[in-house]
Amino acid sequence: MRKVHKGATEALAGLLRDDMMIMCGGFGLCGIPDELIDAVQASGVKGLTIVSNNAGIDGVGLGKLLETRQVAKMISSYVGENKEFARQYLGGELEIEFNPQGTLAERIRAGGAGIPAFFTKTGFGTKVAEGKETREFDGENYVMERGLFADLAIVHAHTGDTEGNLRYRMTARNFNPMMATAAKVTVAQVEHLVQPGEIDPDTIHTPGIFVKRIIAVNTGEKRIEQRTTRKRGDATPAAAAGGGTH
Amino acid sequence: MRKVHKGATEALAGLLRDDMMIMCGGFGLCGIPDELIDAVQASGVKGLTIVSNNAGIDGVGLGKLLETRQVAKMISSYVGENKEFARQYLGGELEIEFNPQGTLAERIRAGGAGIPAFFTKTGFGTKVAEGKETREFDGENYVMERGLFADLAIVHAHTGDTEGNLRYRMTARNFNPMMATAAKVTVAQVEHLVQPGEIDPDTIHTPGIFVKRIIAVNTGEKRIEQRTTRKRGDATPAAAAGGGTH
Amino acid sequence: MAWTREQMAARAAKELEDGFYVNLGIGIPTLVSNYIPDGMSVQLQSENGMLGMGPFPYEGEEDPDLINAGKQTITALPTTSYFSSADSFGMIRGGHINLSILGAMQVAQNGDLANWMIPGKMVKGMGGAMDLVAGVKRVVVVMEHVAKNKDGSESAKLLKTCDLPLTGTQVVDLVITDLGVFTIDKKGDGGMTLIELADGVSEEDIRAKTEGEYKVGLK
Amino acid sequence: MAWTREQMAARAAKELEDGFYVNLGIGIPTLVSNYIPDGMSVQLQSENGMLGMGPFPYEGEEDPDLINAGKQTITALPTTSYFSSADSFGMIRGGHINLSILGAMQVAQNGDLANWMIPGKMVKGMGGAMDLVAGVKRVVVVMEHVAKNKDGSESAKLLKTCDLPLTGTQVVDLVITDLGVFTIDKKGDGGMTLIELADGVSEEDIRAKTEGEYKVGLK
Numbered sequence: 001m002r003k004v005h006k007g008a009t010e011a012l013a014g015l016l017r018d019d020m021m022i023m024c025g026g027f028g029l030c031g032i033p034d035e036l037i038d039a040v041q042a043s044g045v046k047g048l049t050i051v052s053n054n055a056g057i058d059g060v061g062l063g064k065l066l067e068t069r070q071v072a073k074m075i076s077s078y079v080g081e082n083k084e085f086a087r088q089y090l091g092g093e094l095e096i097e098f099n100p101q102g103t104l105a106e107r108i109r110a111g112g113a114g115i116p117a118f119f120t121k122t123g124f125g126t127k128v129a130e131g132k133e134t135r136e137f138d139g140e141n142y143v144m145e146r147g148l149f150a151d152l153a154i155v156h157a158h159t160g161d162t163e164g165n166l167r168y169r170m171t172a173r174n175f176n177p178m179m180a181t182a183a184k185v186t187v188a189q190v191e192h193l194v195q196p197g198e199i200d201p202d203t204i205h206t207p208g209i210f211v212k213r214i215i216a217v218n219t220g221e222k223r224i225e226q227r228t229t230r231k232r233g234d235a236t237p238a239a240a241a242g243g244g245t246h
Numbered sequence: 001m002r003k004v005h006k007g008a009t010e011a012l013a014g015l016l017r018d019d020m021m022i023m024c025g026g027f028g029l030c031g032i033p034d035e036l037i038d039a040v041q042a043s044g045v046k047g048l049t050i051v052s053n054n055a056g057i058d059g060v061g062l063g064k065l066l067e068t069r070q071v072a073k074m075i076s077s078y079v080g081e082n083k084e085f086a087r088q089y090l091g092g093e094l095e096i097e098f099n100p101q102g103t104l105a106e107r108i109r110a111g112g113a114g115i116p117a118f119f120t121k122t123g124f125g126t127k128v129a130e131g132k133e134t135r136e137f138d139g140e141n142y143v144m145e146r147g148l149f150a151d152l153a154i155v156h157a158h159t160g161d162t163e164g165n166l167r168y169r170m171t172a173r174n175f176n177p178m179m180a181t182a183a184k185v186t187v188a189q190v191e192h193l194v195q196p197g198e199i200d201p202d203t204i205h206t207p208g209i210f211v212k213r214i215i216a217v218n219t220g221e222k223r224i225e226q227r228t229t230r231k232r233g234d235a236t237p238a239a240a241a242g243g244g245t246h
Numbered sequence: 001m002a003w004t005r006e007q008m009a010a011r012a013a014k015e016l017e018d019g020f021y022v023n024l025g026i027g028i029p030t031l032v033s034n035y036i037p038d039g040m041s042v043q044l045q046s047e048n049g050m051l052g053m054g055p056f057p058y059e060g061e062e063d064p065d066l067i068n069a070g071k072q073t074i075t076a077l078p079t080t081s082y083f084s085s086a087d088s089f090g091m092i093r094g095g096h097i098n099l100s101i102l103g104a105m106q107v108a109q110n111g112d113l114a115n116w117m118i119p120g121k122m123v124k125g126m127g128g129a130m131d132l133v134a135g136v137k138r139v140v141v142v143m144e145h146v147a148k149n150k151d152g153s154e155s156a157k158l159l160k161t162c163d164l165p166l167t168g169t170q171v172v173d174l175v176i177t178d179l180g181v182f183t184i185d186k187k188g189d190g191g192m193t194l195i196e197l198a199d200g201v202s203e204e205d206i207r208a209k210t211e212g213e214y215k216v217g218l219k
Numbered sequence: 001m002a003w004t005r006e007q008m009a010a011r012a013a014k015e016l017e018d019g020f021y022v023n024l025g026i027g028i029p030t031l032v033s034n035y036i037p038d039g040m041s042v043q044l045q046s047e048n049g050m051l052g053m054g055p056f057p058y059e060g061e062e063d064p065d066l067i068n069a070g071k072q073t074i075t076a077l078p079t080t081s082y083f084s085s086a087d088s089f090g091m092i093r094g095g096h097i098n099l100s101i102l103g104a105m106q107v108a109q110n111g112d113l114a115n116w117m118i119p120g121k122m123v124k125g126m127g128g129a130m131d132l133v134a135g136v137k138r139v140v141v142v143m144e145h146v147a148k149n150k151d152g153s154e155s156a157k158l159l160k161t162c163d164l165p166l167t168g169t170q171v172v173d174l175v176i177t178d179l180g181v182f183t184i185d186k187k188g189d190g191g192m193t194l195i196e197l198a199d200g201v202s203e204e205d206i207r208a209k210t211e212g213e214y215k216v217g218l219k
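Residue numbers (UniProt numbering), protein chains in the order written: chain A, 1 to 246; chain B, 1 to 246; chain C, 1 to 219; chain D, 1 to 219.
With the rest of the complex left out, here is chain A:
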């Protein structure tokens, strides 16, 4: 039970300072640690470097930290759909380092797994490779990318036990598992806090060793960024919905 905290503010106590690097799980608004983001906002820390695939939308998720100018730099793969972000970025107030989404995911995974650098085909011959070492292996060209390790990771899971074991739900998993491994301290918010043994140990996505503090959150209604539906009785429902590269 030592890992369990009462709320987001208490769970982050002593962990926040200006100019730190924070990893923040989620893809779009799916699987974001919203209450922990709120607590970071309330703390007033600034000059943050945020590692997150996206930057939230105006007034939601990381969009909140942007509104209060607490972010100095984002390391992300896609930051569309956010006017405040665009304003600060175009005004030179905010630095952004774009990483291809898979490179970002792998850099985080590498950071957590003690791998300081690895090679990937992704981005060879593009702006992403500028200033980076490139190398040929077996006739193919690769770029060297570095592992990422943060001061703090904040993640969201569906279920967690008091030992810190976590299980994610559907596509809300996304960046959360790697980020949980790639920071000095990881704080998790979970929708369902249970006792050890209640999660089938074969189905735990993040072993408790990675989670230092955990809180239960009251999810209420989760936000949906793009509500897309089909009508009942559609003659030819799409075989599948479209993807994207965001």
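The hints are simulated quantities; they were obtained by calculation from the structure and are not laboratory data. Accuracy of the hints is not assured; some may be wrong.
Here are the simulated DSSO-like pairs of lysine-lysine, each with C-alpha atoms no more than 27 Å apart in a straight line [stated by the list, open to error]:
| no. | chain 1 | residue 1 | chain 2 | residue 2 |
| --- | --- | --- | --- | --- |
| 1 | B | K6 | B | K184 |
| 2 | A | K83 | A | K73 |
| 3 | D | K219 | B | K127 |
| 4 | A | K3 | D | K14 |
| 5 | C | K187 | A | K127 |
| 6 | D | K209 | B | K64 |
| 7 | B | K132 | D | K187 |
| 8 | B | K3 | C | K137 |
| 9 | A | K83 | C | K14 |
| 10 | A | K184 | D | K187 |
| 11 | D | K160 | B | K127 |
| 12 | D | K137 | A | K184 |
| 13 | B | K73 | D | K121 |
| 14 | C | K121 | A | K127 |
| 15 | B | K132 | D | K121 |
| 16 | B | K83 | B | K64 |
| 17 | B | K83 | D | K160 |
| 18 | D | K215 | B | K127 |
| 19 | B | K6 | B | K231 |
| 20 | D | K137 | B | K46 |
| 21 | C | K14 | B | K184 |
| 22 | A | K127 | C | K137 |
| 23 | D | K14 | D | K215 |
| 24 | B | K3 | C | K148 |
| 25 | A | K132 | C | K148 |
| 26 | A | K127 | C | K160 |
| 27 | D | K148 | B | K132 |
| 28 | D | K14 | A | K184 |
| 29 | B | K3 | A | K132 |
| 30 | A | K73 | A | K6 |
| 31 | B | K132 | B | K3 |
| 32 | C | K148 | A | K73 |
| 33 | A | K64 | C | K187 |
| 34 | B | K127 | D | K14 |
| 35 | C | K187 | A | K132 |
| 36 | B | K83 | D | K121 |
| 37 | C | K219 | A | K132 |
| 38 | A | K3 | D | K137 |
| 39 | A | K127 | C | K148 |
| 40 | A | K83 | C | K121 |
Given chain A, put chains B, C and D in place with the hints provided.
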């Protein structure tokens, strides 16, 4: 259902040839694809390079392929407890490339994930680093290791569906998930073959994309390498059993 | 005359094969899922961490935890599996996805692709596009043959060399436009070849709107 | 007089702290689990893919799918999680395990460790030992102070330089032998320091059986 085959021989039909590289899941005798190994033995292919953490024991698991001299080289981390192995190795009939266990696991994971090379602290300054590139990152020394990708991977899972989605059980997971990703063709044997949808999609360890062929096996009694027990009513049962580095 | 968006999607669907695992980009590529032939098993990957993507949900059945890479609500299928972003891009980078169909701003005759930024405009990021084009076995671009500029003029999109920042070098295998279909020998020196004409389109129509060099090998 | 195996294990257990995640090697390190103080939460990792390792099973309750890294049948606990070998060694290499307690053939005064091969003898492999010593935050060696040779003579195991092939360079933080306890400043130039004597052992006894140089800083 196109992935489902009737038995191990049929599942390996057309996939075996002399001098190929085969990855074989399992740790000790735990989670080994025994029926598929038997079918490789029966096929008579030889000159094999086998990537497997261990080499089985005499007459069990990969020990069978050693008895019939079908293996030219092993890439492993620990090969104790196998007299036939020792005999062939000391007699110069068998080549062995020892990899630290974590390096072996990561090389396989890298091969499956399109990463041709990565850096690790493991083995720096030891025989393992001889002939390999070393490099300093942030004041620490690392060795460059290459990804591994085989012609064929044979793996064992507890449950699989006809789409090839797999779930492993307890420590029988071990090397199986990475190996399933790191070969041109992966063939899985499963104890329970079910229909798509019967495995909770949040708990699938190996997505079906990695599995080309699948068979149901009749496990019968699985072998135990080191049967260790405690007596009921032990005054002070060990808080936990010992580990090891095999 | 030229192909409609639907016709382009239908043409792209001919690149599908039974048992394929496919990643579809946003826009026209999304429509390809409507043209998967009956009886053909094709599993769609969504790079945010899902294989076996189902159709949009019925109204009222949207699940905030179940979205695709375009952040749209979707549904699961019996074949579905979920995984992390690292595992998803391991799958992509490792060459396990058979086919990626995506849009483009420009394609060069050597297979270079540009689809993520226009200098001087707000850059939103490349998302997973660079990983997809570098990692997926076969890359099919579906796009309008020319770009329409604000002043009403047209700019070629099939070029000798892309002038926009690249998403990937030598990555495109096939280009489907509203006017026709081109193959590209991306790893060799075979260049670009026009293999099909859209309904009512002549080779001269295409020649006038294509800056890149190509051979003609109509099927 | 000297410490027994049980006493050495009990001494090693003093290195445990509440909330620690620990990997124990085979032999004496295994016994350390018997000395975890009541009320202290310590989770044991088994590098074949398990956190929260429980005791040996009761007779008749062995499960072939549940073994430790020594291939012994074990049991699970309510805290248990299972994972792949890649994830297990990611955990180890990434520095997430607080403490590794393992045996050694030789330790040098700079923290070099040798415990996996003897030239001329059948080499069984390093297993996970190289990963553990390189990756775990703190490495404690528990071993006999000297090796007993077949002819009855003794060889020092705490050396200026290891002559056996190394498992890791500058990796050992603490050495517990049957005669005493030494700290090693593995990343700095503080060298090796004798900090404790076993019951009935004198500093002279240790001096006679130690080849490596050390300072004396008895607590």
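Report the numbers of all earlier hints that the structure fails to satisfy, in ascending order.
-> 3, 6, 9, 17, 18, 19, 20, 24, 25, 27, 29, 30, 31, 32, 33, 34 and 37
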